[in-house]
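Asks: Quick note, the sequences are listed as chains A and B, same order. Under the UniProt record's numbering, the first sequence has 207 at position 207, and the numbering climbs by one with no breaks. Under the UniProt record's numbering, the second sequence has 190 at position 190, and the numbering climbs by one with no breaks.
You may find that some hints are simply not true.
[As the list claims (entries may be wrong)] Stretch by stretch, here's where chain A covers chain B in the computed footprint (C-beta under 8 Å, at least three residues):
1) 39 to 45
2) 123 to 129
3) 135 to 144
4) 192 to 206
5) 220 to 229
6) 249 to 256
7) 265 to 276
[To be verified] Here are the in silico distance ranges between beta carbons for each label pair:
8) A:115 / B:175: 28 to 38 Å
9) A:213 / B:34: 22 to 32 Å
10) A:213 / B:174: 30 to 40 Å
No lab work stands behind these hints: they were computed from the structure. Glycine included, each C-beta is placed from N, C-alpha and C at the ideal position.
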Amino acid sequence: MASNPFASAAPADAITRPPSSGEYLSDRVFRSLTLVAAAIIIALVVYILWEIGGQAMPAIRDHHLSFLTTSAWDVQSERFGILPQIWGTLYSSLLALVSAGFFGLTVAIFLTQDFLPPKLAMVFRTIIEMLAAIPSVVFGLWGIFVVIPAIRPLADWLHEYLGWIPLFGTSLSGPGLAPATIVLAIMILPTVAAISQDALNLVPYRTKEAAYGMGATRWEAILKVMVPTAAGGILSAMVLGFGRALGETMALAMLIGNSNQISLSLFSPASTLAALLASSFPEAGRIEVQALMYAALVLLFITLVVNVIGTFILNLTQRRISGKS
Amino acid sequence: MQAPTTTGAPNLNKTLGERRALRSAILSVGTWVVALIASIPLFSVLYMLLVKGGARLSTALFTDLPPAGFELGGGFGNAIVGTLVMVGIAALISIPIGILAATFLAELGPTSKLASITRFLAKVLTGFPSILAGVFVYAAVVLTMGGYSAIAGGIALSVLMLPTVILTAEEAMKMVPRKMKDAALGMGCTRAQTIWKVTLPTALPGILTGVILGIARVAGESAPLLFTALFSNYWLSSLREPTASLSILIYNFSSMPFDNQIELAWAASLVLVLIVLVFNVLSRLLGKPKA
Chain A
1 MASNPFASAA PADAITRPPS SGEYLSDRVF RSLTLVAAAI IIALVVYILW EIGGQAMPAI
61 RDHHLSFLTT SAWDVQSERF GILPQIWGTL YSSLLALVSA GFFGLTVAIF LTQDFLPPKL
121 AMVFRTIIEM LAAIPSVVFG LWGIFVVIPA IRPLADWLHE YLGWIPLFGT SLSGPGLAPA
181 TIVLAIMILP TVAAISQDAL NLVPYRTKEA AYGMGATRWE AILKVMVPTA AGGILSAMVL
241 GFGRALGETM ALAMLIGNSN QISLSLFSPA STLAALLASS FPEAGRIEVQ ALMYAALVLL
301 FITLVVNVIG TFILNLTQRR ISGKS
Chain B
1 MQAPTTTGAP NLNKTLGERR ALRSAILSVG TWVVALIASI PLFSVLYMLL VKGGARLSTA
61 LFTDLPPAGF ELGGGFGNAI VGTLVMVGIA ALISIPIGIL AATFLAELGP TSKLASITRF
121 LAKVLTGFPS ILAGVFVYAA VVLTMGGYSA IAGGIALSVL MLPTVILTAE EAMKMVPRKM
181 KDAALGMGCT RAQTIWKVTL PTALPGILTG VILGIARVAG ESAPLLFTAL FSNYWLSSLR
241 EPTASLSILI YNFSSMPFDN QIELAWAASL VLVLIVLVFN VLSRLLGKPK A
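Let's have the full structure, built from the sequences with the hints guiding it.
Replies: Okay, structure coming up:
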C-alpha cells in the first residue's frame, strides 16, 4: 500500500492539516484514472487503425494495390476496385471546397471587417453556425426535394447549349454530382467560415489601422493586408473543410446516385468512398465486407492525412501569431 | 515658423469617380450579395421543415410505429425512443472518460508528452468521418456481440462525442483562475481535492456546454448507426437488439416511392432538427460568460 509522506509533517496548532492517508490514497487513484483516460484516446485511435486494418487484411492480400486502380464492383466474381469512388470522393470534395472556400472566406470577411454592427454580425454568425447543426440526412432530404428540382432547368439548359464542355457532358437525370456538391458545399461552409473568422480576428487591430493610415481603401486593406496576414489560418480552414467533405456520408449517399463510373460531367451520377460504405455495407456478405473494410481503410488514410495536415498548420500559425504579438 | 498652408493638404475624401474607390465599393456590394446568398440554404431548409414537416405534426407521430409499404398514417415513436436511448448510452460512455482525460490535459500534466499526443489526436478525431466510427464499431462490437444492437450504436456515437467533450472541458478548466487552485493547494488539499472541490465546480458551466454540444453533434448522426444499430419497426425491448433511430428512418423513407413515407420523413426531420437545436441553444445559454 502507498504510504502517506505527509503523515509526520503535521504541526499540532496549525489551521490547516496535511492530507490523511485516505485522502492521499484517493488522490493517487484519481490521478492515475485521469492518466488512464488520456491514454484511452491514444489507445482508441490505435485500436481503430488496428481493427479496420485487421478486417481489411484478407482483401488487401487478395487485391493488393490493384484495388485502388480498377473500377469493377462485382460481388459474384469477387472483383473489387474503388477507383471511381476515390475519384468521386476527391472530385466532389474539391468542387465543394472551391465554392465553400469562396463563400466561406467572403462570409468571414463580411463578419470580421466591420460590414455589420456587432449585434447584427452576431445574428448573422449564428445563422451560418446553425447550418452546422442541421443533420446530414436532413440536408439529404432537402437536396432530393429542393436542390434537384431547382437546378434541373439550369442543368438542362447548360447541357443543351454547352454540352461540348466535358463539365456539362451529360444530362441531369435526378441524383448526380451537381446537387451532391452543392449540398456538400453548404455543409462545410460553417467550418470554413468559422476557422477563417478566427484567423482574421487574430490579426492585430493596429495592422489594419496602419493600412488605413497609409490611405488604403477598405478592400485594399482586406486583400493586401488582412487576408495575407491571416493566410495560414485560412489555409488550415480550407484543409479542414476539405477533410470534412471527404468523410461526409449521408447527404452524398442520398444525392450522388451511387453509380460506379468516372465522369467529368457535373450532372452524371457518381459515387464516393463514404457513400459506397453506407449503401453497400448493410447487405454485404463476408467477402464484400472485407473489400469494404479495405475501402474504409483507404478513406481513413486519406482523411487522417488531410486532417493531420490541417491541424498541424492551424497549431503552427496560432503559435506564430500569438507568439509575436 | 510659418503658418501651415491649407492649399497643399490632400483631399482625404474618396469619391466613387476614383477607380480604387469604385473597385472597393463594387467589392463591398458583392460581399453583401454573397453573404445573403450564403444564408439562403438555412432559411430554405427551415421553411421546408415547417411547411412539409409541420403539416404532419400530430400526437400519433409520437405514439405510433412506422407504417409498412402502402399503409397510411403511422408515426415514429420507437425511433424517437431509440435515438434518445443511444445518445444516452453515448453520453454515459464519453462524459466520464472525456472529463477525466480533460482533467489530465488541463491540470495534471498539461505539458507532458502524453497530453500533447492526446490533445493532437482529439483534434484529429473531431474531423474523423462518422461513417468510419460505424465501420470500426461494426468490426469491434457487432461482430463480437453477434448482432446489431442499441449498445453498438451508442458506442459508435460515443467515439464521435468524446473529442468534443475533451477539448471543450479542457478549455473550461484552463479558464479557472490559477490563484483559486493555488489557494486550495496552499490549504493542504491534495490535487484530487483541488480538482473536485475547486476546479470542476468552477468550470462546470463550460464543461456542460461541451457535453451538450457533443450530444447535439451526435443526436443527428446517422452514418455511424447504419450498420451498428440498423433499424427496427418495433418498440425497443432490449438494448441487445436492432434499434430504430430518427435519422435512419429519414434515410430509409426518403427513397421510398410512397407519399405517406415521404411526409413522415419530413416530420421526422422537423423533430430531429428541433431536438438538435434545443441542445444547441442550451449549450449557448450555459456557455455565455457571466459578466
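Asks: Against this structure, judge whether each hint is valid.
Replies: Evaluated hints:
no.: 1; hint: 39 to 45; in the structure: holds (count 5)
no.: 2; hint: 123 to 129; in the structure: holds (count 6)
no.: 3; hint: 135 to 144; in the structure: holds (count 5)
no.: 4; hint: 192 to 206; in the structure: holds (count 4)
no.: 5; hint: 220 to 229; in the structure: holds (count 6)
no.: 6; hint: 249 to 256; in the structure: holds (count 4)
no.: 7; hint: 265 to 276; in the structure: holds (count 6)
no.: 8; hint: A:115 / B:175: 28 to 38 Å; in the structure: holds (30 Å)
no.: 9; hint: A:213 / B:34: 22 to 32 Å; in the structure: holds (28 Å)
no.: 10; hint: A:213 / B:174: 30 to 40 Å; in the structure: holds (36 Å)
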